[in-house]
Amino acid sequence: MTKLREQEDFVSGHRACAGCGLALGARLAMKGVEQDSIATCATGCLEVISTPYPESSWEIPWIHSLFENSASVAAGIEAALKAKGDNKTKVIAQGGDGATVDIGMRGLSGMFERGHDVTYICYDNEAYMNTGIQRSGATPLAASTTTSPPGKQSYGNENTKKDALAIAAAHGVGYVASASIAYPKDVVEKVKKASELDGPSYVQIHVPCPTGWGFKERDTIEIARLAVETALWPVYQMEDGQITNIRKIKDRKPVERYLEKQKRFKHLFKKDNGEKRIKEIQAIADRNAETFELDK
Amino acid sequence: MVERRVMEGSHAVAHAVRLCAPDVVSAYPITPQTHIVEKISQFVADGDLKSEYMRVESEFSAMSASVGSSAAGARTFTATASQGLMLMSEVLYNASGLRLPIVMSVANRAMGAPINIWNDHSDSMGVRDAGWIQLYAEDNQEALDMTIQAYKIAENQDVMLPAMVCMDGFILTHTYEPVSIPKKEEVQEFLPEFDPEVKLDPQNPVTLGTVGFPSDYMEIRHEQYQAMENARDIMPDIFKEFEEKFGRKQHSLIEEYKTEDAEIIIVSLGSIMGTIKEAVDELREDGKQVGAIKIKAFRPFPDQELRDALQNTKAVAVLDKNITLGKKGALYTEMKDTLYQAETQPQMTNYIIGLGGRDIPRQSIKNIVKQTKENLNSPQTREVRFVDLKEEK
Ligand SMILES: Cc1ncc(C[n+]2csc(CCOP(=O)(O)OP(=O)(O)O)c2C)c(N)n1
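Sequence lines, in order, name chains Y and C.
Using our numbering, the first residue of the first sequence is number 1, and each one after it goes up by one.
Using our numbering, the first residue of the second sequence is number 297, and each one after it goes up by one.
Chain Y extracted, bound-state conformation:
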């Protein structure tokens, strides 16, 4: 069994909602970074909950600049460290799914392409939570958000989730991994591996949000696990473009088990033809299972 580092870099006293998957995700991720480190953070829930001036939940040097430039700021820090001859300090960039797959994608792509020694961690809560639950490019098909509500003409979000892991891998990023807070040790190990690699690395952690998704605070971990067990969130790692680890699923669960527990999918069980959408979501899960050979 891996022994977790005792040192906490992201400490209690922050202002996250009860049951926040993101706060847990950040705490675990920081446990994975064992060397001295500097972290950047995009605008979003993580920044807002952790740095109310003059307080801070960060035990490591940390900087927030903007919504869309966590990766670029991190690249600048890495360049500064290099210029100063410091090749020991690790640079961690953090952002929500919106900051990562939408508005910050250009800067992230540049950071990958130039090969900066930065570990980028995306905390994926599948919407813009900080501004009140609007759709992002990582919002799954048919989910209800305040900008993709179901209505007479709509079944919620019209697009499928953008595959940022594939985008990262396409850049030739040496280490790309998905993780889930339902498997804490896995999160820590993946971030550790990512941060120890020279060059850019990318870890996307699935972090359910009780407020935005509509479930009970105590159910965060269960929801996270159901996403994995239904194959809607495949948990795997890629090294140099090859998949080197996959969390296999025993007795894969139907997607309804996951959807029915969340308000954001409630309409699918009430609206005419909702089952058609559920089938489409099941097809996504089946495809994931096939692509990643998830079934045991």
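Just so you know, these hints were derived from the structure itself, not from any lab.
Don't take every hint at face value.
[To be verified] Each pair of labels, with its calculated beta carbon distance range:
#: 1; chain 1: Y; residue 1: Thr-147; chain 2: C; residue 2: Asn-663; range: 53 to 59 Å
#: 2; chain 1: Y; residue 1: Asp-240; chain 2: C; residue 2: Ala-341; range: 57 to 63 Å
#: 3; chain 1: Y; residue 1: Lys-84; chain 2: C; residue 2: Glu-559; range: 54 to 60 Å
#: 4; chain 1: C; residue 1: Tyr-636; chain 2: Y; residue 2: Gly-214; range: 54 to 60 Å
#: 5; chain 1: C; residue 1: Asp-577; chain 2: Y; residue 2: Lys-84; range: 49 to 55 Å
#: 6; chain 1: C; residue 1: Asp-655; chain 2: Y; residue 2: Lys-88; range: 52 to 58 Å
[What the hints assert, rightly or not] Cut-off 30 Å, straight-line C-alpha distance, at most; resulting in silico cross-link-like pairs (DSSO-like, lysine-lysine):
#: 7; chain 1: Y; residue 1: Lys-88; chain 2: C; residue 2: Lys-624
#: 8; chain 1: Y; residue 1: Lys-82; chain 2: C; residue 2: Lys-480
#: 9; chain 1: Y; residue 1: Lys-88; chain 2: C; residue 2: Lys-495
Idealized CB from N, CA, C, for every residue including glycine.
With chain Y fixed as given, assemble chain C with the ligand onto it according to the hints.
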């Protein structure tokens, strides 16, 4: 011996950057700035400058990377113009709010649409409220000198604000002039290594860029306001120190030219000052009492210097290479604010000139002076005039 060489303005700035030896340069090309970052990349390639040279994917990242680099305690340089400056604009506020002394060259260029690569000042004037120190160079020598001075001002512990050195695109960037290149050792003496009190350092962790609630936001902004006032106070000393060290006459935040007995004074900034000074010389030969004032620093704005210098003049012609639509030229409106506090208030007229690279002949300056004189006698004047519009001819 000081090296004196004929080179284009972009290369003069690149030499200044080489001498200031930033740890990190982040670069994205845009006309007419491109030659600056190209020349710097050559210096790096040849080992004449030991900087991390970041070939970023956009101006947005050029400024973002500068924020990261400067926050990590590294001296940082970047350069841009026009649309690039606008793409950076959100980050510009962050750089100053985070109190990061980044230095940036702006090769001034008009804003589209219509797309236009030639010179005016609508780009840098458009971001005058971003909390950056703004210096405007008259010639290539000044562009070089100001770049070195900008680091010294920006990195002062009581300032810690970013600074842009504005130079007119093409008119300076692409024009060959003789420039003196200071010795490296002398620049190092003038500009010691950058070692900020607050930086991202694992040995002494700090949180930068926190959420500023209404309970604290105003105090933090007030500190930043004070920092700009501190810059105002220390700049004359730095200019003087530069003059003593490098032997080139430096002025205060403004430069006065034949203003002593002038009844009409032309106020402007940038490369147009050369033409203005020549026009003033010719008018003086004709016995006209005309002078000129160059604004060297637009931020902080030289309020007191202008009030003192314009005390005894009858009329002021403000030449703006920009237009604030729905209002007037940016320099003009700022000057009016300044002179409201003055004991005597000269008549003021605003001339919009040279937009999008339109030529500014000496004769146009002379016409402006003539017009300004006529205004003195006629109570009804238009406050803003576009100079040399085709329809007006
Ligand atoms: C340029 C810009 N546009 C919009 C915003 C408003 N904004 C702040 S955070 C945010 C969404 C954050 O969502 P995400 O990155 O998914 O992080 P989360 O809060 O969900 O963790 C938005 C839209 C902003 N700060 N800057």
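Results for each hint:
| no. | hint | verdict |
| --- | --- | --- |
| 1 | Y/Thr-147 - C/Asn-663: 53 to 59 Å | 57 Å, holds |
| 2 | Y/Asp-240 - C/Ala-341: 57 to 63 Å | 30 Å, violated |
| 3 | Y/Lys-84 - C/Glu-559: 54 to 60 Å | 57 Å, holds |
| 4 | C/Tyr-636 - Y/Gly-214: 54 to 60 Å | 58 Å, holds |
| 5 | C/Asp-577 - Y/Lys-84: 49 to 55 Å | 51 Å, holds |
| 6 | C/Asp-655 - Y/Lys-88: 52 to 58 Å | 57 Å, holds |
| 7 | Y/Lys-88 - C/Lys-624 | 54 Å, violated |
| 8 | Y/Lys-82 - C/Lys-480 | 23 Å, holds |
| 9 | Y/Lys-88 - C/Lys-495 | 17 Å, holds |
Hint check: violations occur at hints 2 and 7; the rest are consistent with the structure.
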